[in-house]
Each structure stands twice: as C-alpha cells, then as structure tokens.
Amino acid sequence: MIKYFVKLRFYPGDPLEEIKEKDLKSFEKDYGVNISYERIENREMRDGLLMERTLDKRIEDVSQEIITLSSDKEDNFSNCIIALYKKYRCPRTPYSLMGSNDAGQKIAKRLMDAHGGW
Amino acid sequence: MKVLGLNGSFRKNGNTEILLKRALMGAESEGAEVELLRLTDYKIQPCRGCGLCLFRENVCQVQDDDVSFIFSKVDGCDGMLLGAPCYFLELTAVVKQLIDRCWILGHKIGKIKKPATVIIPYATRGWTPYVSVQSNILLNVMGLTKINEITVCTQGISEVVLDDEAMDLAYRLGKEIAVAIRKKDFTYKGEAGICPSCRDWLLRILKDNETVECPTCGVRGKLSIIDGKISVQFEEKAWADSRFRPEAQYNHFTYHIAPSKDYFLRTKEERKIKTQKFKEYLTT
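Taken in order, these protein sequences are the chains called A and B.
Converting from the first sequence to this note's numbering requires adding 1267 to each position, the first position being numbered 1.
Converting from the second sequence to this note's numbering requires adding 46 to each position, the first position being numbered 1.
Because the hints were derived from the structure by calculation, they are not lab data.
All clues given are correct.
Not the full set, but computed from the structure, chain A residues with beta-carbon under 10 angstroms of chain B:
id: 1; residue: Leu1316
id: 2; residue: Met1318
id: 3; residue: Ser1330
id: 4; residue: Gln1331
id: 5; residue: Tyr1362
Distance ranges between label pairs, derived from CB positions:
id: 6; chain 1: A; residue 1: Glu1305; chain 2: B; residue 2: Gly122; range: 39 to 49 angstroms
id: 7; chain 1: B; residue 1: Glu74; chain 2: A; residue 2: Asp1314; range: 28 to 38 angstroms
id: 8; chain 1: B; residue 1: Ile203; chain 2: A; residue 2: Glu1327; range: 57 to 67 angstroms
Even glycine gets a Cβ: it sits at the ideal position worked out from N, Cα and C.
All chains, full assembly: derive it from the sequences and hints.
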C-alpha cells in the first residue's frame, strides 16, 4: 500500500501556469514519484464567459484539474509537492485535497503554508 | 446623469463632507443630478457570515437595516464619489462594515460599468499606508471603476475650506466624473501608483523572496533596482491574475465558494459531534 497519496484539486483560474502533462512527466521523473492527471470540464460559454452552475454539485464533479501524486518516500513526495506549488501555486480551497490519504494530506497542507499558502 | 456621494465620515460638514460636497458641485456644473449619503446616518449591521447570499443567491438574512437601501442608491447612480477619512492608517470602520455586506453583490459581477473617484482627508503625513485598500475593495466588489483618487492633508473639523487648492481639486474631480459618465470614458486619471490594476503603492513580499504582489489585487511581479530606483516588473499575464477582474471574481464565487456547500453538507454529522463541547463551554 502506498504510504503518501494526495490529490491536488485546481479549479479554473487557480494555477498560475497551464498544467501540461509533459511537465508532470518531468516532475515524475525528477522526483521519483507517481503522478497522474485528470481534467474535468463542465463549463459552457455564456455571455462571453465560461460559466458553470456549481452550487449543488459534488466537489468531484465541478470543473477542475486534479494532479494525483503518490510515493512511499516522504522526501521525494514533499520535494515534488514543493516544486508543483512553485510552478502552479498551491490549490486554493479548504477542500482541494479531498480524496487524499491522511499522511499525504498532512504533508501537502503543511507545505501549502510554508511554500504556497500565499 | 446621477452622481452619488457616499460619505464614510460621521462628522456633518466635516472635511470629508465638505470635499464631497465641493466635488458634487463640480459634477452638478456638468449637468449631473447629485445626491449625498452619509453612511453613519444609516444602520449597517455586521455581516453574519451565514452564507445565504452566496448559497441562495440574493437572499440576505439581515433585513433590519439600511444596506439594501444604500445598494439601491449605488445601483441607481451613474457614477460615485466615495469620501472617507483616515483616522488610524486606514479608512473608517463603517466602510469596512459595508464591504463585508457586499458578498451579495457577487452575483452582479461584470454587469456594472460605472466610474468612481475617491477622496480621503487625513491629518498626519505618513499615517495613510492602507487608505487605498478599503476604497479599492469597496469599489471593486461594487463593480465600480476607479478613475481617480486623492488624499488631502487637513486636520481640524472643516479646516479644509482654508485649503483653496484642495477645494479646487475636489471641484475638478466632480466635473471629471460627470464628463467620464457622459463620454463613457473610464480611463484612470490619477497618480500612477505601483499596482497596474488598483494603482496603490503597497506591495507584499511573498515567501519565495522573489515575487512581490499587490495585496489587494493579487497582481504579481518582480522587484528590481534600476539606477537606484525601486521598480516592479509586472508580466502581461499579471493583469489576468487580478482577483477583481470579472472572470476572476466569477471563478472565486463559482469554484471557491459555491462548492463548499457540498463539503459543508458532507461533514454535517462529524461537525455536530465535534462542536458539541464548544457549545457547552463558556456559554453566554
């Protein structure tokens, strides 16, 4: 069983840079971790704005980009999270780590304050 | 054409009100219909943080005050002059109280196109570092576009009438806003400032020790010293990151706030159990 597992949920407008799968592959290689990427897109163009009704949706069904990161090594896991936060900044909301395991969530949350909470 | 003066000072015919009235006279000279509201004449209850305005759209639980009346006046004007004094480094509490009640306006994001000018009397030079923060927040959450802002150094009640330059300037600002409404030209005409979005001079150094940010707008850039002068380079995309752009505000409401309802409902039982001891502790 994987020791550290985290889901970083970025909502539209959250990442300062476009999340590209090829960049995530580089992170995966550089830090010796496992990374997967999922994009959920439910927005529609209305009045010139990409819009979506999110009020009564499940958090998992709202438009978002999810970077899933896992590793058995704490250092690799932490360093990769720091690098991701540096590139994209950290996710913004209190529920943006939903679906993570406890060990992974604790690290990701602590690093938000230290490296990307601003 | 209607120009509303919104006064954040308690004092009747104090410096703020005099400057606002002088500006309104200027607007009137350009054909504007003018009105003055003194915020402290109205009941503005604190926001209760209930979230109803966010989750049930346009429903505010606080009904026994005058905030909806104030909002209707802002709705009904074509341009606004905001005046508020600086007592302790920032604007008066009534302005902040009104800002907190502006959540309900989040549903109107991007739909309002009106200019606004800010007039801030203060007493001691150097004691004004945060005065633009509240005014910028209030105008942004109300959807108004700032076209000018001035601070005026003056102290005792009504002393500003002795300052001919300030009085003339206020008059010109009133004319300026009326012209802006007429020409539909909301170009910023004030001091450039540092932030390309709100024009404030404040900067925040981020924890990476590499990036600076306008604390109000969230616009980020890099600091450098050129010929001994501090300079900030904001990338083109920094504008896109301003938290008060209509798209950014829309995203904030849609993706940071609205989905929290799901989380709130999911954690209901756990919260109920864990909050019990706090309900029973130090009951008042």
